[in-house]
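2 protein chains.
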Amino acid sequence: MPGRAAKQRRGQLAGSTLGALVVGQSGGPTAVINRSLLGVIREALDAGDRIGPILGLRHGIQGLLAGEYVDLRRQTPDFLEVLADTPSSILGSCRYKLADDDLDRALAELHNLGARSFLYIGGNDSADTTHRLAARAGATGYELACIGVPKTVDNDLVAMDHSPGYGSAARFLALAAMEASRDTESMRRSDPVKILEVAGRHAGWLAAASALGRRSPDEGPHLVYVPEHPVSAESVVEDVEWAFGQYGHVVMVLSENQPEPGGQVLGSGGQPRHLDAFGHAYYDSPAETLANRIRRELGLRARFEKYGTLQRMSIACRSETDATEALSVGREAVRLALSGRSDEMVVLQRQSDDPYCCTLETAPLTLVANQQRLLPPDMIPEPRGGPTPAFRRYAEPLLGAPLPRHARLKSDETGLQPMSS
Amino acid sequence: MPGRAAKQRRGQLAGSTLGALVVGQSGGPTAVINRSLLGVIREALDAGDRIGPILGLRHGIQGLLAGEYVDLRRQTPDFLEVLADTPSSILGSCRYKLADDDLDRALAELHNLGARSFLYIGGNDSADTTHRLAARAGATGYELACIGVPKTVDNDLVAMDHSPGYGSAARFLALAAMEASRDTESMRRSDPVKILEVAGRHAGWLAAASALGRRSPDEGPHLVYVPEHPVSAESVVEDVEWAFGQYGHVVMVLSENQPEPGGQVLGSGGQPRHLDAFGHAYYDSPAETLANRIRRELGLRARFEKYGTLQRMSIACRSETDATEALSVGREAVRLALSGRSDEMVVLQRQSDDPYCCTLETAPLTLVANQQRLLPPDMIPEPRGGPTPAFRRYAEPLLGAPLPRHARLKSDETGLQPMSS
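In order, the protein sequences belong to chains L and C.
Residue 1616 is where the first sequence ends in this note's numbering, and the numbering goes up by one at each step.
Residue 1616 is where the second sequence ends in this note's numbering, and the numbering goes up by one at each step.
Hints may be right or wrong, so weigh each one.
[As the list claims (entries may be wrong)] From the derived model, a few chain L residues whose C-beta atoms are all more than 10 Å from chain C: (1) R1245; (2) P1282; (3) S1283; (4) A1301; (5) E1304; (6) A1428; (7) E1429; (8) P1467; (9) L1495; (10) K1501; (11) D1548; (12) P1578; (13) T1583; (14) P1592; (15) P1597.
[Said to hold, decoys possible] Residues from chain L shown here face chain C by an in silico Cβ test under 10 Å; the list is partial: (16) G1223; (17) G1251; (18) V1265; (19) E1276; (20) L1278; (21) L1286; (22) L1370; (23) D1386; (24) L1505; (25) R1507; (26) M1508; (27) P1599.
Derived from the structure by calculation, the hints contain no laboratory data.
Bear in mind that the values here come from a model prediction, so they are computed numbers and not experimental data.
For glycine and all other residues, C-beta sits at the position ideal for the given N, C-alpha and C.
Based on the provided sequences and hints, a complete structural model is requested.
Right, dumping it as structure tokens:
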């Protein structure tokens, strides 16, 4: 941002009551993270002159350090309407680990901007960033409301029922696995085995969700592996042989970092391909390793698919429940900031499964920062068993609408019937 | 199928006027191939007692040779309704090359069933199968109406404007590329390059379609490669360096078998990984080769995505125009068979781009069999140039509805505006 514009903004700020609101987006984008931003903007606009400038950080905390932001009060009339259905992070995201040196620079920049509120939409790394800013601001007597807004498709944030972003990615994968199952059933004479490698570095929330469309044992996905339940490549190959014998085709889902019992990523030999800025390790594809092994040992043609970033931001497969909740946590963050709260994250807490109901609560950022929530024991699927009842109760309401019905052949193959929903 | 049921069916057949109608699905499934089957079933049901049994082949021509079929008059009441939105090939598909020995066995089986109509939903290989059955039936005096129903996501069938299946896959990829572009823009600080590898063994219809959502030069996909325009890995790396300099991030699309100027698949060294039953060659991923090279030579982190079979049968991204047309070609095939036509394929021919209008015509199966239609010169995109005007005129009506608008930052990054649609 040019220096002149920044000076002009500081000038405007002098006349406002409660100072600037600064908001950023961080980490992997989702289908609904812009809904959370929209919630922040709408609530801030609704607050009238209680808030001065509304500033969006370009690429999260990196934008703050570089003085790069956008004025969210300047927008064409239909911008907010279109933003509601725009995937990914409109402001730009980052994976940047705040150094201790950065903290004072970041606070000085916020002070320069006249900021009284800092809202950061992200996961457990972002909660750490937000907490450290809150703590340092408190220690230096700077009245800055630092509020975290939860976001992650992995659903591994602690201290909440679930995280916005998860329901939409879960719906995408449940639909993709249903469709892959129809496809593999149909093509089983030539391509009888399909492996879907899904997101979730250490937690199996997404892998488990991909089986939610499995309504009878003969339907795929027939095998599901989650990081909470380490398996050897040998036992996966045995499962595939069994499932092929039972069903004549096999659809398998596994997490991108599925571990072996010894702890190393399946097929990796224990060596990560690279590390990101937070030290997270990335490995070669377990799906590719397994596909080769299944071809070699069972003589079955195996295909694998990796939906990559599409699984985290497909609007066509978005959960409308997720979209609504993402907006509401953004709005709530502004309300908390205006009431002087800080060092907290807005969280969703479930009051009821059926009818589904969540309320907005808060959790200390220190609880969420750098922690990971794994599947609890009663939600961990057996590889051959499909979703557990506890997981269905938990996850189905998050999909936003029932999964579609598909027509299938009856097992005696002499007549046709639709699947029960 | 148990012998008793088959005998019973032959018994029923004796009383019918025009004999049995036999229908099969072949080749790679699509989002709308069941709509074509639905069209066949509905038209056959509407024909009343002019048609006897309506029999669906299990796994295409292989089901005929093995005597495996289903009775499509036996169905639960809502089967047809659910079938309309079921992806993939409900009857099961195959990739089976009919041997000369098979022809007489296949005709004998059809004769046994009392078949007067054989309808086969598939691509150019299926057209070959259907034509050979028609020719042999004609030569032996067997009155059998053999009609082809077009299906392929690759859109490479000759003698027609486009093929059912293409519009839906094109819409899927256009949406996926838009979303991948938003994602890459947002994450460009850590992952600035994304490569999407898309279907289309020899023709670039799908790769070209994936750029239909690109509305300004700075939006992805910035680079598109089609098989009609061979490129070296060196020139792709140069393009990436140029695009990164221009836009700060790069989204690239290329076909799964993208050739180098020498003809070999990019990065393959000329060796296929395997061949299928029709002798089609499958190669290692050009996207993976390029991603590694971009990391090494440009020092840019490059991710690649392969949507695999999802791109051919995602219902959430289906084109409703495609779904409607798929139904109509199925219905038309039955009308042709009932009027005694044979050795023909139903085809869609365009009458007008705007308003979009196609009519149902026919083409000789010999024209379609084993032929491939490439992009014409005026539709081949320059790698850096986006869709040509001729391709936009051709392809946009096939998407079924306008692509969505996405919000984006203005280029001066001090304000926000929605993209024009």
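Hints versus structure:
For L:R1245, the shortest C-beta to C-beta distance to chain C comes to about 22 Å, beyond the 10 Å cut-off, and the non-interface label holds. For L:P1282, the non-interface assignment is contradicted: its Cβ lies about 5 Å from the closest Cβ of chain C, within the 10 Å cut-off. Listed as outside the interface, L:S1283 is inconsistent with that label: its C-beta sits roughly 4 Å from the nearest C-beta of chain C, within the 10 Å cut-off. No beta-carbon of chain C is positioned within 10 Å of the beta-carbon of L:A1301; the least distance is around 16 Å.
Here L:E1304 stays apart from chain C, with its beta-carbon at least about 17 Å from theirs, past the 10 Å limit. The non-interface label for L:A1428 is consistent with chain C: the shortest C-beta to C-beta separation is roughly 21 Å, beyond 10 Å. The claim that L:E1429 lies off the interface holds: its Cβ sits roughly 25 Å from the closest Cβ of chain C, which is beyond the 10 Å cut-off. Non-interface call for L:P1467 relative to chain C: holds, since the shortest CB-CB distance, roughly 14 Å, exceeds 10 Å.
The Cβ of L:L1495 lies farther than 10 Å from every Cβ of chain C, with a closest approach of about 13 Å, so its non-interface assignment holds. The beta carbon of L:K1501 sits about 7 Å from the closest Cβ of chain C, which is not more than 10 Å, so the claim that it is off the interface is violated. Every beta carbon of chain C lies more than 10 Å from that of L:D1548, the smallest distance being close to 26 Å; the non-interface claim holds. At roughly 22 Å, the least C-beta separation between L:P1578 and chain C is larger than 10 Å, which holds for a residue marked as non-interface.
L:T1583, annotated as away from the interface, keeps every beta carbon of chain C farther than 10 Å; the closest lies near 26 Å. With a least CB separation of 20 Å from chain C, L:P1592 remains clear of the 10 Å interface cut-off, as annotated. Under the 10 Å C-beta cut-off, the non-interface status given to L:P1597 relative to chain C holds; the minimum distance is some 13 Å. This hint holds: L:G1223 has a C-beta 7 Å from the nearest C-beta of chain C, less than the 10 Å allowed.
With its C-beta approaching chain C no nearer than about 8 Å, L:G1251 sits inside the 10 Å limit, and its interface hint holds. The interface hint given for L:V1265 is met, as the beta carbon of that residue sits about 6 Å from the closest beta carbon of chain C, less than 10 Å. Using the Cβ-Cβ criterion of 10 Å, the hint placing L:E1276 at the interface with chain C is satisfied: the shortest such distance is roughly 8 Å. This hint holds: L:L1278 has a C-beta 4 Å from the nearest C-beta of chain C, less than the 10 Å allowed.
Given the 10 Å rule on beta carbons, the hint for L:L1286 holds: about 8 Å separates it from the nearest Cβ of chain C. Against a cut-off of 10 Å between C-beta atoms, the interface hint on L:L1370 holds, since the closest Cβ of chain C lies about 6 Å away. With its C-beta approaching chain C no nearer than about 9 Å, L:D1386 sits inside the 10 Å limit, and its interface hint holds. With its C-beta approaching chain C no nearer than about 6 Å, L:L1505 sits inside the 10 Å limit, and its interface hint holds.
Interface restraint check: L:R1507 against chain C, minimum CB-CB distance 8 Å, threshold 10 Å, status holds. Because the beta carbon of L:M1508 sits about 5 Å from the nearest beta carbon in chain C, less than 10 Å, this interface hint is met. A least Cβ separation of about 6 Å between L:P1599 and chain C falls short of the 10 Å threshold, and the interface hint therefore holds.
Against the hints set out earlier in the document, violations occur for numbers 2, 3 and 10.
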